[in-house]
Structures are given as structure tokens and as C-alpha cells.
Amino acid sequence: MNAPMNPSLDKRQAFWPQTEQMQVPYQVFTDPRIFDSEQERIFRGPHWSFLALEAEIPEPKNFKSTYLGDTPVVVTRDRNGQICAWVNRCAHRGAMVCRDRRGKADAFTCVYHQWSYDAQGNLTGVPFRRGVSGQGGMPASFDMKAHRLPPLRVATYRGLVFASFAAEADVEPLETYLGTEVCAMLDRIFGRPIELLGDERQVMHANWKLYSENTRDAYHGSLLHLFHATFGLYRSTQTGGCRMDEQGRHSLLTATKAETKDQSATGGLRTYQEGQYSLEDPSLLAGKPDFSDGKSLVILAIFPNLVVHQIANSLAVRHIQPRSVDEMELVWTYFGYADDDPEARDSRLKQMNLVGPGGLISMEDGEAVELVQQAIARDGDATSYIAMGGRKGEPQENLVNEAPIISFWEYYRRAMRFASSAS
Amino acid sequence: MIAPTQPLFTANARAWNYAGDLSTVSLPELFFEATQLMLAYCACIDDDRLEDWPGFFSPDGQYELITRENAERKLPATAMRCEGTAMMRDRVVSLRHANVYAKQYYRHIVTDVLIGDRSQTSVSVSSNYLVTRTLAMEGDPIVFSVGRATDTLVLTDQGLRFRSRRVIADNDRIHTLLVLPI
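One line per chain: the protein sequences are A and B, in this order.
The first sequence runs 11 to 433 under my numbering.
The second sequence runs -8 to 173 under my numbering.
Incorrect hints may have been included.
Here are the simulated DSSO-like cross-link-like pairs (lysine-lysine), alpha carbons at most 30 Å apart as the crow flies [said to hold, decoys possible]:
no., chain 1, residue 1, chain 2, residue 2
1, A, Lys71, A, Lys114
2, A, Lys155, A, Lys114
3, B, Lys94, A, Lys114
4, A, Lys114, A, Lys267
5, A, Lys71, A, Lys155
6, A, Lys267, A, Lys305
7, B, Lys94, A, Lys71
8, A, Lys298, B, Lys65
It should be emphasised that the hints constitute simulated quantities derived from the structure, not laboratory data.
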């Protein structure tokens, strides 16, 4: 298991330069072989992947079909309320068993030959198993218990459902995997019962890791997204910081609204031609804070496939679903709190204008990651150059650094067992 | 080219201005006027005259773009939501001056216009739409959105306007980003 991943990749001298700054070879965004290896070493490796909010399957027999990496999976509650997850592929001839995105059922029957399963994924029925009039049928040795839907390990934290392909001995307990700072932020956001507001689905024609970088990137915030600056609202000098877990794979970006403005640092970039316009309807941003800590922005990226955000009053989980080396789907699931008053609910719904694929703050992200994918079609040996805030992926008390991106790549390289040219 | 700052329906403006009672308008005439409003609205967006877009609504007009997935679950999350024309104008200012996106064109195809319930002051109209999006740099259109709009039109002194427009998209996946209204 400790062999370098792919000899034809690893023997390339230039593959992953060991340099003072982080330089990511563009090949990791374009090579289908690397995408395949990621499915094994990351999505089916010793990691916990997000599958659902418990609020999406609130009652016994509820289910949701989704993806873990590029594998179709179903997360269910059995009749006792126990959460289960299994690969959505019939044990007989490989057909997709569950063909609804969500619903309520305690039996799942493959339409092809009507093999049926319970909510835990156990095989419960095989038509004509004994044949007809002594003819046909399965061999007498056929053992129903040996043919079930492949199960996933499931764990929950604060109403978030995670799953893993890894054996129990190979993956840390979920809380350890998340780490104390991630858990503390989930405690903060999911400390009250939530209520679903709905989903948005965004297709990005880009490798999933470009979005992982984007959500760990505090540097781009005030440069690419100009909504706040254009309307004379707070932005770049808000205080903020970046935190990573011990392994460096998760990232927590936070910003606290500050009243001071410091234009000297920005040298007259277009970002800071502030106050040219003002909102005709400021109710868009008028929501009352949900938290007393002053944090107005939280972008929590949990490796490998989840982002949790709080942007003013907007709350959502974003589920990253890699589809191929150059395409991913991002499912945004918005929520509020079950005890929201009508005013709070109204603020959350209005602020949907700010976030998501059509969000006035965030719409540029889908395009930014595609701009990279389009430009790196060739020259897999060429690399990015990531060094803002220094080489080391250490916690930062500012938002002009790339530390979480650096630490993401350090972890990724370890998880993928990529050799570096200097080692 | 029809600009909504002028009366939309010059031929009938006088009759529409003075009749004041939609329940007495003949169905063919109402169908014609409602269809004209829809087509002028779509042309405004397709021609990149976004500044004119809010003018198709009454001042308290509501605009909502929601996926069929959320609508059928009776969940309120929208891809775009404007409550009143001020929010619409804010979105246009943001698109023109703050947001960064590739130059792109929509082409609306509107069909199956169906006149529904009406009162003296308002009429429900539904229609199917298909919108292609062409990125100027790439050149190929994609089917960007397809679905049904359910609208409530009211009579103003400038003719029919949207009091509410709820666009329900069959496609629940948005490719790359959503810039323009539908």
C-alpha cells in the first residue's frame, strides 16, 4: 500500500516539485488516471464523506440517493430510525436499484429482475429463486445473506451524516477526523434544530479540487467578488482568519464585520473604488445576526466533499460531487432554524440572492474554476504558484494568505502518496 | 423595438388605459396583450436591455426563479428572488458594475400561453419557455433553462405589467453560473 501511486506519473522528475512555495502540477486537474486513483485513495480511502443532513431524512423509511465521490449511493433510515447507507447497485447484474432522489420506502426493488432489499441493504427477495415446477431457479447453494447491497460505514455529527468505505480499523472516529475546531464550528451552526429551505445544483466544468482550492482561498474574496465594494459595504479590512485541522485537510475561514476601512493597502485596485453605488433596497442585508460572536462570514471546508457556509444570515451545506476529471456537481442545501420568526425567514430567503450559482456575492466562483480548467488543457508539468502568506500552511490572522490551500495540497499529496521530485 | 418606459401597446393603449376592468376584455384581445407583454419582456433580456427589465413589473412586483425540484417539495429556496422593483434595479446595477462573468446571450422561446383566472384588476397567465445561453467566446448555445412561468398581470396606466412572475425551471442544474433573469 505504500508504493508510489502510478509509476508512469511518479518517475517524471518534474511531477511535484519540492520548492519553497507550493507548486501544484496541472496534471492533477486533467489526468483521468489521477481521478481514478482519487476515488480509491480519497473517496474510498480513510476519510469520511458528507452524504446528507439528517433533516433530509427525518423519519423512519426516508431515503435520499446521492453520490460519494462518483459512486451512486443511497442513505436511508430503516424502520427503527437507524441511518444506513449502501452502494446503489444491484447485487445481481449491477443495475441502479433506487431511482428516486428522495422519498419514503422500506423496501427497494431493482426494476430489472425485481431483486429486492430492505432499507439496510439486505437482500430480501429473488423472484423465481426456486424456479418454476422444478425447472430453473438459483442453485441450492445460493445464500441470500451473501448478496447484499455494499454497505458503507455511517456516522453523524450534529445532524450531518457522513459515510466511509473504509474498514473500521482504517478510519478515525468521525469526531477525531473532523478535529476540535471543525466540531466547535459545527456546534455553533448546528446547535439549534434546522429547517430545510431547499437545494440548488450547480454544474462546474472543472476538476473538483479547483473548487476545493476556491473554498480555502481567502485571498480571492475581495478581489473576484466585488459586490460589497461596489455598493460601499464592508469588505477587505474586515478582520478574519484561517484555521486548519492538525492534518491540514479541513479549512475554516472566518471574517468579522469591522467598521474601519483601510484603502492604503490596496493601491487603488478596482475593488476599492468604494461607494460608487448604493443599494436601493437595503433590506437585502438587513437581517439580524444569528450569532453573538460577530462572525459575518464562515466558510468551513471539510475534506473531501463538504463546505458549510454562513454568509450573513444565509446558511447552507455544499456537497461536492466529482463526476469526471473535468466536471463536478455542487449541491447547495439551504437551511434556516426551526424557530425562525417570519422576519428571520424572510432575511434568509432574500439573501439567497447573494449566494449560490446566481448569487450577487458568489456567482463568479463557478466561472473562476472553469477559467483554470480551460487554460490548463495541456502542459501537465506546468504548475501553479501558491505562496501568499508564506510557505507553511499554518493558521493565519488575516485574509490575505493561501495557507489553507497550501495545507490542503500537502495533505492531498500524502493521501495520494505522490512522490515529490526532491524526495 | 419596444421600450417599457413607453406604453407597451400603442395600438390599444387608450382602450387599455381607460377600460380599467380586465373582466370585460375579450379573451382574444387579452391573449394578444398578455402575449405581447411576454414577448417584449423576453426581447428586453435577449437584447441586453437589462435596465428596462424592472419596468415590466408593477412597483410592488415580485420575481422568482425556482427549480421544479424545490417547488414540488414546497420548499422556498429560489435561484433568484426580487421583492419589488428596487431589488430588481439593485441586481441590474450589480450585474453591470460588480459581477464578473463571460459575455453571454439568452434567447427566449415562449409558447403555450394560457390565460387563466381573472378579476377586474388582474389576470393569471402561464406559459412555457425555453432559454438558450450562448457564451460569446465559445459560440455554441446550450439549452440553459426550460420550464413554465406562472404570472399575475395587472392593468397599470401604462398597460399590462407583471405583479408577480414565478418561473419554475424543469432543469434543476445550473451550468457554471446564473447571471440573467428568465
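Violations among the numbered hints:
Of the numbered hints, 3, 4, 7 do not hold.
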